[in-house]
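J.: Listed below, chain by chain, are the residues.
Protein chains: 2
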Amino acid sequence: MSTVPAAQDPSPAAPVAVDAMGGDNAPQAIVEGALAAAADGVSVILVGRRERIEPLVAGRAGAAAVEIVDAAEVIGAGDEPVSSVRAHPEASMVVAARLVREGRAGAAFSAGNTGAFVAAAVLQIHRMCGVLRPAICTVLPAVPRPVLLLDAGANAEVRPEHLRQFAIMGQALARELLGVARPTVGLLSIGEEPTKGTSLVIEAHRLLADDRSLTFAGNVEGRDLLMHKVDVVVTDGFTGNVALKTAEGAGSAVFATLRSAVGGSLRSKVGGLLLRRDLRAVRAALDPEEYGGQHLLGMARPVVIGHGSSGARGAENAVRFAARAAAGTLLAQIEADLGVTRSPAAD
Amino acid sequence: MSTVPAAQDPSPAAPVAVDAMGGDNAPQAIVEGALAAAADGVSVILVGRRERIEPLVAGRAGAAAVEIVDAAEVIGAGDEPVSSVRAHPEASMVVAARLVREGRAGAAFSAGNTGAFVAAAVLQIHRMCGVLRPAICTVLPAVPRPVLLLDAGANAEVRPEHLRQFAIMGQALARELLGVARPTVGLLSIGEEPTKGTSLVIEAHRLLADDRSLTFAGNVEGRDLLMHKVDVVVTDGFTGNVALKTAEGAGSAVFATLRSAVGGSLRSKVGGLLLRRDLRAVRAALDPEEYGGQHLLGMARPVVIGHGSSGARGAENAVRFAARAAAGTLLAQIEADLGVTRSPAAD
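Protein chains in written order, with my numbering: chain U, 1 to 347; chain Y, 1 to 347.
With a cut-off of at most 30 Å between alpha-carbon atoms, the simulated DSBU-like pairs for lysine-lysine come out as follows:
| no. | chain 1 | residue 1 | chain 2 | residue 2 |
| --- | --- | --- | --- | --- |
| 1 | U | K229 | U | K196 |
| 2 | Y | K269 | U | K269 |
| 3 | Y | K229 | Y | K196 |
| 4 | Y | K196 | U | K196 |
Selected chain Y positions facing chain U (Cβ under 8 Å, derived; list incomplete):
| no. | residue |
| --- | --- |
| 5 | G153 |
| 6 | T198 |
| 7 | N241 |
| 8 | S252 |
| 9 | R267 |
| 10 | S268 |
| 11 | V270 |
Just so you know, these hints were derived from the structure itself, not from any lab.
Think of the CB as a built atom: it goes at the ideal place given N, C-alpha and C, for glycine as much as any other residue.
Generate the whole structure from the sequences, applying the supplied hints.
T.: Below you can see the structure in the form of structure tokens.
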């Protein structure tokens, strides 16, 4: 990967390169979300099949802030990540990442095949200097306030030093995204004692405890992911991905059970009608769309991954999120916290 | 451990040895639950401080089927498992396990410190012949029907062959407990393809796929734990414990959010009142107490672990569960499926 030329520096108000073809509801929902952000001043490049995108943009509010870059191919949700990215250099998500590398865009977003988009980003955009592994950082809708979880699936197997870097990157994002001045960091394990967990976790605990740049709160457990205890939870990508999907499944199970309960008696139906607004609010509060996407942290430029089921609101939030990260100090902050020199690409 | 004498064979209607002192609501809730099972014909030995247990039993229905065995000590929730079990041979959970080894009881139950109870069981009761590692098997209240998950925390690190044995043991329990004739088994991973996951998972996938005694459905993901896809999900004890606690936390988060939403307007309050019964039903459907406890599978005798927060109903269900396993064919079935000869202790 060291032979890939460094990403070019984007202009100050560089647009967000949006993979218009990625996700279950693409291109409609993605284009609609991008237009909503564009109408609010975010400049956007929509990447994908021009003949499908143009009719969705024409005459809409925000159309003036949108450019279309044609990309003939699309990587599907079921395609093998690395080989499909190599085989399809003109796929929309690959082109979106390449626009960032070329400096034509300041950040990239896709709600398509996550593994493929991570591969495209790693192949096209440099990792940040000194970062060993990029990590997927997701925002969990915890009670009473959100929790950042990383790695949510980029690296199935990691070393303790990787977890230390994840902690530093997650802490920087928590400051920026959640507005917490001194975010606390926990290490996901199966007990609070430093001796609990796998050998990886026990060793990582020592590294995190010794790092003075972190506000390390020790081990946390699965239940602390949705009942806020710390601001940032660090784990390997296997455990993080299982935990994230377990939480999603649990939410679906509760609402499925509620729906079937509320369908019963007249009393229940009336109660359900009266509570409809509240139940919707609960759903919304627990909805990952609120935060628009996941950050692939550790890249030289902001890379935002949308949920496959992203609707227009999710896409809009993700595009805003990417634009904010591109314009802001997040990446510089991460580099400073990691103690690495600023990546050549960003000078 | 090979120097420990083999567990003695219990009599046909051997009682369940119940650690009366273990759990947040002990001894009251535990004694109450045990009495309810005893009133229904289950014979029980309550182990703990006689002066605390006797007043709770005296004159109650079921008291006739209950024996009390005095145990002076109690292992606390925060005590280090192995060392506290070794240091306190007269602790209630250790005595409960010893009664099983001595053939005075047919099964043991505790809702106390899980790690300590597992250690006490392993030290006092033999593993089943041929079993490499015992595993904690938990019943998840999935939609539309329950899912068994193992290992839920006994072994933070495992080898592929351990996962294969977990699959066989879980399959036997699913037949017995869920009444499914041919339970399906899934391997927890971060994608359905056999190539997804850690090297452990990839290797275990091969072993499970090659085992003709299993109905292996391939990899499953976190979301399938509470939205039923297979009957049994196999994983290492670290991932399993994180997933289990994440699901518990997610349930708590949904209900906490619901409660605060329903407290608002008059409309919401009336709706909440009308729906109260349904919301309780949802809670109950998702309540782990329904299944009473977790099985420590792979031991020569049934060992049932209660949730620390077990109430009387949870304890009652767990005691019934233990009695059923002691009287039934579960252990013989596991031995047959594993292809091992019946443990000497049970001949």
